[in-house]
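Chemist: From just these sequences and the hints, can you work out the full model?
Protein sequences appear in the order of chains A and B. Mapping to the numbering used here: the first sequence position 68 is 68, numbers consecutive. Mapping to the numbering used here: the second sequence position 240 is 1240, numbers consecutive.
These aren't lab readings, by the way, just hints derived from the structure by calculation. You may find that some hints are simply not true.
Each computed DSBU-like pair below joins lysine-lysine, with the alpha-carbon atoms no more than 35 angstroms apart [what the hints assert, rightly or not]:
(1) K1211/B - K139/A
(2) K1264/B - K1226/B
(3) K1289/B - K139/A
(4) K139/A - K1226/B
(5) K139/A - K1109/B
(6) K1264/B - K139/A
According to the in silico footprint, chain A covers these stretches of chain B (three or more CB under 8 angstroms from chain A) [what the hints assert, rightly or not]:
(7) 1185-1192
(8) 1249-1259
Keep in mind that this is a model prediction, so the values were computed, not measured. Where is the CB? At the ideal position from N, CA and C, for every residue including glycine.
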Amino acid sequence: MSAAIRRLRWAVPYLFLLPGGLWLLVFFVVPMAVMASISLQTGSLGTGYTLSWNFGIYPEAISQFATQFLRSFEYGFIVTVLTLLIGYPMAYTIAFRGGRIKNILLLLVILPFFTSFIIRTLAWKLILADQGFVLGTLKGWGILPGDFGLIATPIAVISGLVYNFLPFMVLPLYVALEKIDHRLVEAANDLYASRLQAFLRVTLPLSMPGVFAGSLLTFIPSVGDFVNATILGSRDTTMIGNVIQSRFLDFNDFPRASALGFVLMATILAMVLVYARLVGSDELTSG
Amino acid sequence: MTERRDETRIEEAIARLVAEGRISRRSFLRRASRGGLVLGSALSLPAILAACGIKPQTSSTPPANPSGSTGGAPTPIPSPAGELDFANWPAYIDIDDKGKYPTIQKFTKQTGIKVTYTEAINDNEEFFGKIQPDLEAGNQTAYDLIVMTDWMIQKMIRFGYLEKIDKSQVPNFTANADSLYVNPWYDPNNTYSLAWQSGITGIGYNPTLTKRAITTFDDLLDPAFKGHVGLFSEMRDTMCMALLSIGVKPEDATVADVQKAGNKLLAAAKNGQFRNFYGNDYYDELANKNLWITIAWSGDITQMQLYDNPNVKFIVPQSGGMRWVDNMAIPNKAAHPVDAHMMMNFWYDPANAVPLSEYIGYFSPVKGVPDLISKDADAAEAKGDKATAAQLRVVAKTVNPTPDELQNVYNYKRLTEAEELAWNSVFEQVRTG
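Modeler: Encoded structure:
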């Protein structure tokens, strides 16, 4: 009996992978195949869609929506840099100076998740309304000109994205920083490194896995986001996510929407691979 | 659905926290509807993926018997199932302080039919996009009764997505429907749809902010209002109003006309004239002063005058407005068609149409509603409730269109699929920067 079990031990890792594998198969691989097929169909709601291997839709969709693609990547890049600049000092302070309130600080970082993403974004629209609580007051004091507005500008969309994705940057950074053995920094100081040098040559390199993970967790969802642009943006902040959403739901243009989805995914994947090369690919596994 | 309700409550709390001044419960509901839009879109992805089985339609004309399941006759089995799934727009029914729907509760008490009422519709196209894959695949949707605007009813008839209505089961419609809503342009003989409420698309504005009276569509393009002008995200209202402004009746519009109207809007859009393109949520933006002037629906502005801002105004521009009718209809293969018929019949009883109109203030398709509302106003005044009486008098005046209003309003065009694609692509250039 036990010998039989021992003989099957090779199967254990695979059995452990089975639930996750099935999940990916049903909810990732199958939908991908379906989307790939839809993107190559032609037709309309009235005539129905038939698979015609219409690869031409890809270059067509890219050139038609190049502006929105570029804008999405631009916003994604700005958002990632800003969350890193805001998130790194935050994570650093929590990890090294958090002391007894470390857990409370971490709780505060994840607290926004206790309410819905959409509600929080809608709240910003109310808070920053042209004549609302904040801007209305400042305008009343004469600090801001009367026609000043934040909502429906790129600033509002980028700020919304930064706000919503900041925890995704802070948490991996914290995990990476917290693991660092503080004696290494002390050793650097003993060897006459200044605090800045110690940071640049010890702490920062050791925290790179966190930077890498945090950037991916911020960049990927913010490039594809459509909620912030819908709620806080205007016509001139339309992102590729908005285009895909309205292609699917408003225009029932399933092929082009699917093609756009694939192009977005492929571009993000390519950028992630380049980034992994630059930051060091082994961090992908050792992080 | 419960999830969405919870969020409504949370949102009310936020709004109360940050809003300055008085915000009506109705505008909370509207605000929630935007959340609903975004959530709804995310949730409907599986439905879209299910669209991989999109089959060509057997014929482009609506089949005589779209369901195929009732054996040729439109008569469903004439006994109710005791359940009804009713999808409607936000803030489009009477609601009490506990978030319950009193008139729906009355229906349940009278008939024993349990109603699941959801505010699932924020935008015609978007809702259509969600249920279309199921309808096309011949599956049941989650709804027995839906409320769609006239042009969408016409589109759904074109696709053969609606069940026929058995007139013998809706005697109140035959007895009480106002002649304006019988045999309409989009559905001859009301074969597939009965009016729910109706209104006019025109322009709403806040005179304190525009600092002048608004009379024409071209006022939307006045550079003085740059960045504070709203248009609708639905193609039809926006494009038809623009068509009227270049002197073309929507019913006669050619694709070239549409292109011309589109170019007019596009030039302004490129200059940042429009703040954004809105669904039902334009209401909040106008109420909270982000928008100064916007395309608007008549009943909304009545509500805003009553509950949010007495100064806002609604006008039909000189070039004309659009007249629309929202309709109750039964999607194919609905699980509880008899219950749906009973519900439609129920709303054509003035005893039920009146409380609905008193609350929402759109045009009622039921005869005699304004008089009955005036009577309620008298009753309220007799009881000494002056505030309610005054409100009801405002509603009584706006619940039917005036002859003046009906003079300068137009119907949508019945679009073929090719036309719809062409119109959409013109509009998309305007809408997407």
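Chemist: Compare the structure with each hint and give your call.
Modeler: Right, here's what the structure says about each hint:
Distance check on the hinted pair: K1211/B and K139/A sit about 19 angstroms apart at the alpha-carbon level, within 35 angstroms; holds. With a C-alpha separation of about 15 angstroms, the suggested pairing of K1264/B with K1226/B holds against the 35 angstroms cut-off. Restraint check: the Cα-Cα separation between K1289/B and K139/A comes to about 14 angstroms, which is no more than 35 angstroms; the hinted pair holds. As the CA atoms of K139/A and K1226/B are separated by approximately 19 angstroms, the hinted pair is consistent with the 35 angstroms bound.
Restraint check: the Cα-Cα separation between K139/A and K1109/B comes to about 54 angstroms, which exceeds 35 angstroms; the hinted pair is violated. Distance restraint check for K1264/B and K139/A: the Cα-Cα separation of roughly 34 angstroms lies within the 35 angstroms cut-off, and the hinted pair is therefore satisfied. Counting residues of the region 1185-1192 of chain B whose C-beta lies closer than 8 angstroms to any C-beta of chain A gives 0; at least three are required, and the coverage claim is violated. With 0 residues carrying a beta carbon less than 8 angstroms from a beta carbon of chain A, the region 1249-1259 of chain B misses the three-residue requirement, and the given coverage is violated.
Consistency note: the structure conflicts with the earlier hints numbered 5, 7 and 8.
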